[in-house]
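Required output: the full structure, derived from the provided sequences and hints.
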Amino acid sequence: MTLQYFLRRVVFLFLVIWTAATINFVLPHMTGRDPIKEMLMQQIASQGRKPAEAQTIMNLYNRLFALDKPLWQQYITYITNVAQFNFGFSMQQYPRTVMEIIIARGRMTMPFLVVAIAIAFVGGVWLGAILGWNKTPRWFSNIIIPPLMVFSSVPQYLVALVLIYFAAFRWRLFPLGDPYDKFLTENWGDPKFLASYAYHAVLPIMCIVLVEASGWALGMRAMMVTVEGEDYTTFAEAKGLKPTRIFFRYLLRNALLPSLTGLAIRLGTIITGSAVAENYFNYNGLGSTLGTAISTFDYFLLYGIVLFMVVGIAFATFIMDMVYPLLDPRISYRAQRG
Amino acid sequence: MRGFLSYVKRNPAFGAGFAILIFLILFSTVGQLFVDTQKGPYALATMPNLPPGPGHIFGTDRQGRDLLAVMVVGTGLTLEVGAIAGAIGLGIGIVMGFVSGYYGGIFDTIITSMIDVWMSIPGFLILVLIASTFRNIRLGVLEMGLIVSIVSWAGPARAIRAQVLSMRERPFVMMAKLGGMGSLEIVMKELVPNLLPFLVMSLSQSIYGGIMASLGLEGLGIGDRRNPTMGMTLFYVNYYSAFLVGLWWWIIEPVAVIVLTLTSLVLISFGLDEIANPRTRRGL
Amino acid sequence: MTDNKVILEINDLKTHFHVEAGIVKAVDGVDLRLNSGIKLGLVGESGSGKSTIALSLMRMIRQNGTISGQILLDGVDLLKLSQEEMRRVRLSQLSMIPQGAMNSLNPVMRIGDQVTDGLIDHGQSMNKKEKENIVGELFKIVELPPKVMHMYPHELSGGMKQRVCVAIAISMRPKVLIADEPTSALDVVIQRQVMETITRLVNDMNLSMLLIGHDMGLMAQSVDVLAVMYAGHMMEMGGVKEMFADPLHPYTIALIESLPILGSRGVFKGIPGIPPSVINPPPGCPFHNRCNRMMPEICPVQAAPYREVKPGRWVSCHLYN
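Protein chains in written order, with my numbering: chain A, 2 to 339; chain B, 4 to 287; chain C, 74 to 394.
Be a bit skeptical, because a hint or two may be false.
Quick list of simulated restraints, FRET-style, between CB atoms [as the list claims (entries may be wrong)]:
1) I80(A) - I113(B): 19 to 29 Å
2) V374(C) - K180(B): 51 to 61 Å
3) Q294(C) - I113(B): 30 to 40 Å
4) G196(C) - F141(A): 29 to 39 Å
5) R171(A) - G67(B): 32 to 42 Å
6) Q43(A) - G94(B): 34 to 44 Å
7) E39(A) - G67(B): 25 to 35 Å
8) T245(A) - M184(B): 38 to 48 Å
With a straight-line Cα cutoff of 30 Å, these simulated BS3-like cross-link-like pairs (lysine-lysine) come out [stated by the list, open to error]:
9) K193(A) - K220(C)
10) K153(C) - K202(C)
11) K243(A) - K153(C)
12) K78(C) - K248(C)
13) K243(A) - K201(C)
14) K202(C) - K213(C)
15) K201(C) - K213(C)
16) K243(A) - K383(C)
17) K213(C) - K70(A)
18) K248(C) - K243(A)
19) K314(C) - K243(A)
20) K42(B) - K136(A)
21) K220(C) - K136(A)
22) K87(C) - K136(A)
23) K136(A) - K248(C)
Read the hints as simulated data drawn from the structure, not as lab findings.
Ideal Cβ positions, reconstructed from N, Cα and C, are used throughout, including at glycine.
Below is the structure:
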């Protein structure tokens, strides 16, 4: 890995985060109104929020965004706050800070998300590699590929709805919501809690795996077919190598590289897709908190979660970009990934 | 036309996708003759919670919408959102892709970095921000299409740029240049016709992307809650916990329509990919 | 150095591909004999089926193809072997220098490992030290520095990559070495150097080689026996000197006449017309529609038998019946 490649990726990472933060800053200004103030007023009027408390939020908000200062100063203040992960207070759950809520909810989402993406990627790549291998019987591909095409083209929450209806409601195999049993308290050292968490995570994980593994299987299959047509595969066969060695060291190894790039590109879609799906699962994680923030007009929370997710996805992509050159010796010769 | 038919024969994926799409379009247009589009797809049209049966062959939902009317009208609305988003997204993508790929230089540098950064930010989150910030604006079909197109240009732009780059070096473009054709003329007369299958494929991809994004937004409750689009129908299914009260038809119907819509678009672009990139012509 | 023992014998080899438009008869009844220690050149235009012969010998044609006939390698019929037996024959008894030098090596594997993995899959076990010795020895033969074994393909030039492929192909001293246009992807100067290396090591190791190509000039310098193919059929075969001095088949004559001669500035003589389609080919001699000595009563009707007209000289033409 060359230093230049590394620096390029770092600059790119910051460019992505900065762009997202700037959009976050610019958007409320573009409406020409003050949706946050309007919202607070509405709360005083309709939900009986105490005017004093609203005023406190208002003041915090003014200070956080330096609203009495000129625009450029507001911008700098905002970016500085964001850089410190300071997204202010939730408007509905005052005095909890946005970051507190993100951590509390993210704790529920992160573990199953990581597990699901790992299973989906490994499973999908394997299935695709087998489907694309010319030693695999044709009838097998003919049976498997049509459902893969359907699963890979629908959003996760659609699969979620069907899974919930059958697996949770009709057959009562899995719970209908929540990240863990209501009678338990969150304690990650307690095996009972962990078991309950895992049990509740089965459906959300299945949902991600069905959709994403299908997509990767199809992509990997296409790559395998391409690699099979390469001269080095022909030569490998002419060398009298064992079919398993050709499969692992030549076909799989080369077809895997574009799939990894695909994983990096797709990460954002998976995470946002699963955020929407959480709302259908009634799973109290980061995604359903985003849904709540939208429907309760909790702008601080909404902006905070969105920015947090953007940063998280950007970092995950960055890490993948750092791993990639270890697998592809040619990378330092290429200007960009892909 | 005969060419088209023989193509469909050789390329079953495209044929199937195209047939499904035609069926959906017919369902939403001809279907309007048989349902009450004025009242049917809206709340309190009739008795709630009716299972499929005579009178309401698709059943009704918890707020008394006639689900057949919802499906007929909703399919059309959802396809419209996708078509608007796809057309705008592809339009921007074409301009960006052609300028970047054909003129190169500083344009290319700026546009490619824009595309790269934009594609690295999960577009859906940006949509969530925009749509919820401007939520006092009524998000009808047109507005939804416009908002969704914000994220649907980058993919086509990148793909078209790559195609133009490779095509720019082909002999027939060189010949046109030597023959004294102007840049714009070359783009219009030589590049666009040769890229046509590719552009149609990009269109179906960005319609797909547009529909996906709009479904996602509506699934989170962003959008006009009165419009019986597919996404809103799903939102209500979840909102009123259709699965808890056992209204299975209310779940199955929109799921089926959405699966058909998305699958048809994917099959179409999958099929067109074979014409656009002959190298991948290997059959299923 | 030749002991006149037939090492490779091909009898009535037919390789047909089944496609939508019909049957592609890429190779249609070819006979060929290769004596031990001999370098045989197989020439023909692109599409004449010469590369298909190479792949048929290796039994590596695509799934929609069928091979029939007999391929006897040192008396063993390769077409009767099981998949696994055939795999063991590749590299150890019959090996191939590939056509596409630029892409014939796995881009994500070190060169050394790509040389030894074939040996390992043929039952040789070796530790790291032995590996380096074996690869070093082979690299000496093909004139590559030992440090290449630790590099990746993208760090090598085209000529070096092709030398690596040559080293792999001879790593088990095969009975027959097939070289399918081994230098076509390289530039002219490098072509010559690599070809010289190949000829030298084939002589030194006393290998038998089937050299496939379309360049008559290159062939003239490198081989002992020349065979000419056209549209899936064998046209003529004989010692390379006699072939050039006294070509018999009109196609061979035309091929030799089309060679540029140094010093003469005249117009090159090409062969007018194009080869016939190999999908459902017309009856008769495949060359009849381009032949300037075509006999209308027989050539378009019936193909000429491929027979020995004088010792070591075979031809398929009605003129010599």
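Check each numbered hint from earlier against the structure, then list the numbers of those it violates in ascending order. The structure conflicts with hints 3, 5, 8, 9, 10, 16, 17, 19, 20 and 21, although it agrees with all the remaining ones.
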